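Sequence lines, in order, name chains R and G.
For the first sequence, position 281 (counting from the first letter as 1) is numbered 281 according to this note's numbering, and the numbering increases by one without interruption.
To convert, count from 1 in the second sequence and add 298; that's this note's numbering.
Since the hints were derived computationally from the structure, they do not count as laboratory data.
Just so you know, these numbers come straight off a predicted model, no measurement behind them.
By construction, the Cβ of each residue, glycine as well, lies at the ideal position given by its N, Cα and C atoms.
Be aware that one or more of the hints could be misleading.
Some residues of chain R that are not near chain G, with every Cβ distance over 12 Å (derived) [unchecked claim]:
1) Val140
2) Arg183
3) Phe188
4) Ile207
Computed cross-link-like contacts, BS3-like style, restricted to lysine-lysine with a CA-CA straight-line distance of at most 27 Å [what the hints assert, rightly or not]:
5) R:Lys8 x R:Lys40
6) R:Lys8 x R:Lys120
7) R:Lys27 x R:Lys40
8) G:Lys300 x R:Lys40
9) R:Lys258 x G:Lys300
10) R:Lys12 x R:Lys120
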Amino acid sequence: MAKAKRVKGEWKRLTVQAAAFLLMNPKLHHFFLGTIEQGKTKSICVPGLNCYSCPAAIGACPIGSLQASLSAGYKKPAFPFYVLGFLLLFGLTLGRWICGWLCPFGWVQDLVYRIPFFKKIRTFPYERFLRWLKYAVLGVLVIGLPLLSAFSGVLVPWFCKLVCPAGTLFGGIPLVLANPSLRGQLGFLFWWKVGVLLALLLLSLLISRPFCRYLCPLGAIYGMFNRIALVHLRFEGDKCVDCGRCETVCPMGIDPRKQFNSAECIRCGRCARSCPVDALHMRFGLRMKDDSHKKSTI
Amino acid sequence: MKRSVRICIFTVLALAGTAFLLYGVFSGQFASVLTKAAHICLECIGIG
Ligand code: SF4
Ligand code: SF4
Ligand code: SF4
Chain R
1 MAKAKRVKGE
11 WKRLTVQAAA
21 FLLMNPKLHH
31 FFLGTIEQGK
41 TKSICVPGLN
51 CYSCPAAIGA
61 CPIGSLQASL
71 SAGYKKPAFP
81 FYVLGFLLLF
91 GLTLGRWICG
101 WLCPFGWVQD
111 LVYRIPFFKK
121 IRTFPYERFL
131 RWLKYAVLGV
141 LVIGLPLLSA
151 FSGVLVPWFC
161 KLVCPAGTLF
171 GGIPLVLANP
181 SLRGQLGFLF
191 WWKVGVLLAL
201 LLLSLLISRP
211 FCRYLCPLGA
221 IYGMFNRIAL
231 VHLRFEGDKC
241 VDCGRCETVC
251 PMGIDPRKQF
261 NSAECIRCGR
271 CARSCPVDAL
281 HMRFGLRMKD
291 DSHKKSTI
Chain G
299 MKRSVRICIF
309 TVLALAGTAF
319 LLYGVFSGQF
329 ASVLTKAAHI
339 CLECIGIG
C-alpha cells in the first residue's frame, strides 16, 4: 500500500484533459435546459468515451456509434464501416494516448484518484486475469449481443444499457436532474447504472483507473494499436539505472522498462517525466528503430 | 517488432481506415450515426 505518487508536470496533462472535455462538450447551456445538442457535427466520432447523450456534446461516442451501426434497419445487421474507419485512424495515430490525455471518463478517474486520505493500491489480486475482462466486454456487450439483437429485429446497445459509467455520469444524471419528464421514467436500470458508476468511482479512490484497466471496450480497442501507433513510448535500456521510479508512478500498474509497448499503457508520460536519466521518452512519428534491446513482454 | 513489419501493418490499416471512412460517408452510414447521436439515447441514460 502507498500514497498516490506526485510527478512533475502533471498539471499540464490535467489541463489538456479539461480542455479536451470542453472541446468535445462546449454547449454547456443544454445542462440547464435538460436537452441535448442536435447539430450536424454529431455525425463525427470523437476519440474518447464521450457520451452523445451528454447534453453539451457536439460529437458522437465511438462505442455507442459502433453498437448503433451494427444494424441498418429491422432485422438488417450491418458492417460498421464508418465507425471502424474512425477507430482505425484514431488508433493508428494516437493509440491509448487518447486514454491518457483526451478521454473524459479517464480524466474523472484521475481526479478521483488524486483525493488523498485513502491508501492507494497498485494492483488487485488476479490483476492479469481481470484485465482480460475488457476484451470480453468488447466481444460480448459491444459486438456479440447487439449483433444478435440486430438479427432478431431491434438493435439493443447492451454496453450502454448495462454498464457504461460515462453515459450515466455525463448523460443520465444531468438529464434526469434537469428534465422532469425523464425523471418520471426512472426504474431499476437507472439505479443499476448509478450503482455501477458509484462502485467505479469508489474503486478509483483506491486504485488508479479501474474502469480503464478492467472494463473499457474503447481502451481495449486502442490498446491493440499501441505497438504501431505514431504516438509511442521509447525506452533506452542502455541508459536505464534500474531505480524503478518509472514503475512506481505508472497509473496502469505496469513496468515501463519491460512493457513500454503494452496494450495497457495509456501513454500518460508519467514514467518519462519521472526518469532521472532520461531513459524513457514520449515520441510522435513512425518508429525508425526496431524495439529497444530490452524486449517488451506484452 | 521489426520496423519493416510495423510499417507494412501501419500502411495497410491506414489505407483500410481511410477507405472505410470514405465508404461510410458515401454509403450514408454517417447519417445513421447522426440520427442516433442527435437524440437522447434511453439506454445511455439508464431508462431504455
Ligand atoms: S452510454 Fe457510454 S458507450 Fe454508450 S454512447 Fe454513452 S458514452 Fe458511449
Ligand atoms: S480506457 Fe476507456 S474510459 Fe479509460 S481513458 Fe481509455 S477510452 Fe476512456
Ligand atoms: S508506462 Fe509510462 S506512459 Fe505508460 S501508462 Fe505507465 S507511466 Fe504512463
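| query | Which earlier hints can't be squared with this structure? | reply | 2, 3, 5 and 8
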